[in-house]
Amino acid sequence: MFFRIMDKSRVLDLVAGLSQDFEVLGPVSKGDAFVYQRIDDPADLRLDYDTTLLPPKKLFFPPEEQMMRFRVADNEVVDDEVYAAPRVIFGLHPCDINGLLLMDNVFLRDYVDPYYKARRDSTLIVGVSCTPQESCFCNAWNTDEVHWGFDIFLTDLGDRYFVSVRSVKGAELLDDHVETRPITDADTAEFQRVAREFEAGFSDELNTSQLPLLLDAKFESPIWDELGERCLSCGACSMVCPTCYCFDVIDRLEPDQKTGVRIRKWDSCQFTEFASVAHGQNFRESRASRVKYRYYHKQWGYLSKFERVLCVGCGRCARACLAGISPREVVTALEAGGVGE
Amino acid sequence: MTAYQELQQNPYRPWPARITSIIDLTEQERLFELRIIDDGVREAFEFTSGQFVELSIFGVGEAPISISSAPSKQGFIELCVRNAGDVTGALHRKQCGDVVGIRGPFGRGFPFEEMKGNDVLLVAGGLGIAPLKSLINHIHDDRHDFGKVTILYGAKNPSEILFRYQFDMWKHRDDFDLILTVDDPDESWGDEVGRVTRLFDMIDIEPENTYGAICGPPVMYKYVIEEMRNKAMDVDKIYVSFERRMKCGIGKCGHCGVGHQYACIDGPVFNFWEAMNLQEAI
Amino acid sequence: MSTLTVEHVARIEGHGTITVDVDAGAVQSVHLDIVEPARYFESMVVGRRLEDAPLITSRICGICSPNHMLTSIKALESALGLEVSERTQVMRKLLVYGSFLQNHATHLYLFAAPDYVGLPSVFPLAETHPDVVDRALRIKKLGNDLTTLVGGRSVHPVTAVIGGFTSEPDPRRLEAFRDTLIATVRDAVATVDLFSAFEEFEVHTDGEMLALTAGDDYAIYDGEIAALRAGWRRPVSEYRDIITERVIGHSNAKHSTVGGEPLMVGALPRINLNAAALSPEAARALEKSPITVGSRNAFFNNLSQAIELIDALERCAGYIDRLLEMGGSTQVEKFDIAAGRGAGATEAPRGTLYHSYEVDATGIIRAGDVITPTAQNLANLEADMWKFAPTVVDRPRPEFLMAIERLVRAYDPCLSCSVH
Amino acid sequence: MAPRVVVIGLASDFGCQVQMTNIEDDLLDVLGLIDLQYWQLASSGHMPDSYDVAIVEGAVTTLEHIATLERVRATASAVIAIGACAVTGGIPALASHGRLEERYSLVYGDGPSVAPGRIKPQAVDSVIDVDYRIPGCPIDMGEFVQVLSRALQGLSDHLPQEPLCAICKTKENVCFYERGEVCLGVLTRTGCDARCVSLGRPCTGCRGLAEDANLESALRLLDERGIDTSDVLVRARLYNTLEEAFTR
Ligand SMILES: Cc1cc2nc3c(=O)[nH]c(=O)nc-3n(C[C@H](O)[C@H](O)[C@H](O)COP(=O)(O)OP(=O)(O)OC[C@H]3O[C@@H](n4cnc5c(N)ncnc54)[C@H](O)[C@@H]3O)c2cc1C
Ligand code: SF4
Ligand code: SF4
Ligand code: SF4
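Protein chains in written order, with the working numbering: chain L, 1 to 341; chain S, 342 to 623; chain D, 624 to 1043; chain P, 1044 to 1291.
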């Protein structure tokens, strides 16, 4: 990795330059909130955003996507190509970049998911530093830092960006489109100061030690019943989560019933149907068991395979949950042995 | 990467396979023999007993189905399918010569090689015989590699006993100890009556070199395992096969979680020692 | 004497049965029984919050739901003394025209046209005259698309609320839509030509003709009530004094009269009263058509609808220009709940629609009243049937009944509206 | 042989039938799959004696409707109830509250007696078994085409069970509760693509109570937010007067 300094005012040049060769996406405002969207006018880009409604997973694994087009008569696939245009996502925060890295483990290992991969391969990532919000707890999982998973990363030093360049492609882009200068010791010192200030910005440090063990030890705990009573089974938490990847597969016939599409769409382990099988058997009939599973899988199931928890502490689920159920609350409750109000 | 995986650029894309034979087993179950149409794919298609395929009928959907035939059967695979809903119902409406799709084989099967040289106790309930049938046939084809083979198989009533034609023949063979039982007998029934667990009183096993394999409805496992433990069998020599909801078969869709594992890639066959440590398993 | 019936007359919205008694070749009686089940809407709104009224009453009719919704909203806004912006008004007009385009195309092609070519439905035409069916579906879809663009959905729009709209169409889509509207004028002209070419029956309707008028605008969303023969103009708030409703023994729908005589509302009365305000292309089409302004042949209601299609397309293109020129976006006007009563009217595709409500100081509706166009037309329609039947009674029975059905259809009745 | 289909309208505004004609782009394709034997709205002809699939719109409000439905059930192998009126009673069922005769006289006064055989409005499945349901006021055209296609293939209806919020999230709407407004999406069966909420209007519950919904918790949460829960229940009853859970 090498580093450069870029004047803050140059960001628009960079975006405009990138737009010549790529589709550029980034955070823009939507009412009081922010969403990742195509940037038509560089001035729309809002690098001062807190967090977006949906995480960037929507750009790699859309809420609903066509997997293949088929012909009914001979049960043949007629098309399963994925067309992914070259693009840049500009302005991802460390948590979201880490979220993508966690998704990569699922979609790019073993049986490689061609749809996700095509989009991932055609996308360059420009990260940007952030300011901790009240709902953030990325510091609990060390996802507040990011060391790979981007091409360029911009750390805000007030009037300038400390630019970390991770990939060859990132270096080229920087070279082609924007004026930068080498870093000085003063820049590095400022960079360190900003990083320390950032760390101090978190409201608390969540105690996550021994979480997998606790989850097993407290599998029958009444904590889950209390949470189950509150949970609305709405699935909002899973939709907004940058690391929830479950999906449902559905065949849709065209009106003439001769051809159709097999699609997949985001699903949630919070829905009753999720773990039901034929003959009326349901492995997670109770709401409590479903709420529990979401945490069990995130903090232990995934960890058992990839040695990371499946959460980046972005706090989106906590914001989205009308019942106020959040990883912070659940982890604290497991630590303390009960759900606090 | 195996030659087969290399062929499988898109693991969600089913291979067309032709139905080459359909046998009515019971009112609800039929045995379908399939032949993958593409020569290269067919030849590369290798599996172990206990693995499953995703059966795909475009316009309806997919369903995970265990392979019932033995790996030693070349060029064809058999699926024993109960008409349980949309996909399986649509399959039941298909005819010989029709084309369906299959993806797979997926999952972990029974440790056939490891079992060699030992005795085997297979316990099936209802449709659970489907994956075990593959194992039984495979053992049959390699019979000299195994010690004593005991099969306990229970169903609700005589009309629900699957592969009865074959088992009726086998009952008279001395290289297999086969005991059948039903909950509700009719006049024609000459075999045992009652739960499959009852049959444990009738068998004799050498626990130190016996492998167990269980497949059946979810309620059955607990009791069968209890009986096996009573017979002093080692927990890590017992294998269980689980059914869970699945949408992809390859560890992505998330539906088949059993505790911290996925039934599709970590199972469906689990070593009982592992399963004991799996929440929600039994 | 023999009694002939057509049960559940097809290709109209709702359920009605025609009964004709014929004795020795002479027509003795003609009835249109509206067997559409009673739904008691005026009682349903009582006790609900005022915001619910547009949602409830728009379920009177799925064809002209934008009209019911807007008429209800207008009546409530009048009760609350709430003024809305010009932008909101223009958008509402687009919504009404969406329902005009959709309704007229459906009525003309799917419901009426098969009669002229002796078919049970339009579907067989898909094979013999695909161009005609395509045209029909094109205009109909355009109407739906317009309602969807502005209202979010073609049946029971979602964005129109008391005080304005909850969402704005994207200007780029509006602009594109404008071009489609202009391009479709050709289809509408072809529709007028088609219906002009059909051989038409004649019946001289005697009833008064009413429609909204608003200066030199072709009134559909605001204006006063105008009477063709009597020549008066009166404000909408007086509609209950003008129109008298009466329960008729043989029908679940009430009959209406104005000054003791039956009345007709709909496209023909609108053209008769507002011809001078028609858009240029529509005025030209009227000129060429067999209709003369002031015509009393009820069958010409069909052709009048066709002419209105042209007018609607041109007018909407103008409204879109106006919206784009205005820029900005609609805000939902805030309002304070206060006791009051108010009435509202719009021109639904098949005639003037009135709603009125009485709201208490807590925002709960205490009384509601709705008079639908079809309810206004029924007495006149039945009178026309009495007059028309003897002129065709010598035809073979099926043809005779078909002719009467055709008259019923010419009114484009919405029977479920009429029983509400 | 194409399945023979009839379309029957009970008490409704015909909105769902209109919606059926509104699939312009696909109408002819859909019609190509079926043998449409009776559809009063679109074609002359008589109700046949035998058919395979009956599409029923509207609530049951007369004795004649009951008789019609019983005939339909005895004849059709599949009954598809379309629209809120047929599925949950919808708006017509608002009249099921209180005394029907009072409503009658409010609307018709004491003139000649009309509306024979009138009864309190009910949903179709309170009279006969229904095989497929397409909820909503009006139905979603896409859902209609999909369910009809599933019915023709003899598949299960796949009616979603979860509330609206998940799909609402995928549309990136800011939740109404964050703005202090009430939205019934948290209780309402999904499947409408969150159209209303995405257009800035809170969900009014036209698709009925979601099976997965947690009404108890929702009411408790609203209460904690200072929202009058009895008012929320009144709102929820708009399209769901017959839903017992909303009556308390
Ligand atoms: C490893 C494994 C091996 C198996 N082996 C066999 C075997 O050998 N033989 C056998 O007969 N069976 C076997 N099964 C069981 C078999 O997979 C199920 O019976 C089968 O999936 C049922 O599918 P279906 O489409 O016929 O049924 P349905 O219940 O109709 O399900 C149809 C599909 O739609 C989905 N679905 C149903 N209702 C809804 C709803 N309301 N909303 C959303 N989605 C819905 C279901 O997930 C299902 O995928 C096995 C299962 C597993 C996991
Ligand atoms: S579980 Fe919640 S906090 Fe963690 S990554 Fe998902 S949405 Fe963010
Ligand atoms: S967002 Fe909250 S209420 Fe909704 S499913 Fe998730 S945990 Fe339950
Ligand atoms: S309550 Fe309404 S606005 Fe909020 S998430 Fe649910 S559907 Fe969306």
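Fair warning: there could be bad hints in the mix.
[As the list claims (entries may be wrong)] Derived contacts from chain S toward chain P, CB cut-off under 10 Å, selection only:
1) V401
2) D427
3) A431
4) G531
5) G535
Don't read these hints as lab results, they were simulated from the structure.
The model shown is predicted, which means the values in this text are computed figures rather than measured ones.
We put the CB at the ideal spot given by N, CA and C, even for glycine.
Against the earlier hints, flag every one the structure doesn't satisfy and list their numbers going up. Hints 4, 5 not satisfied by this model.
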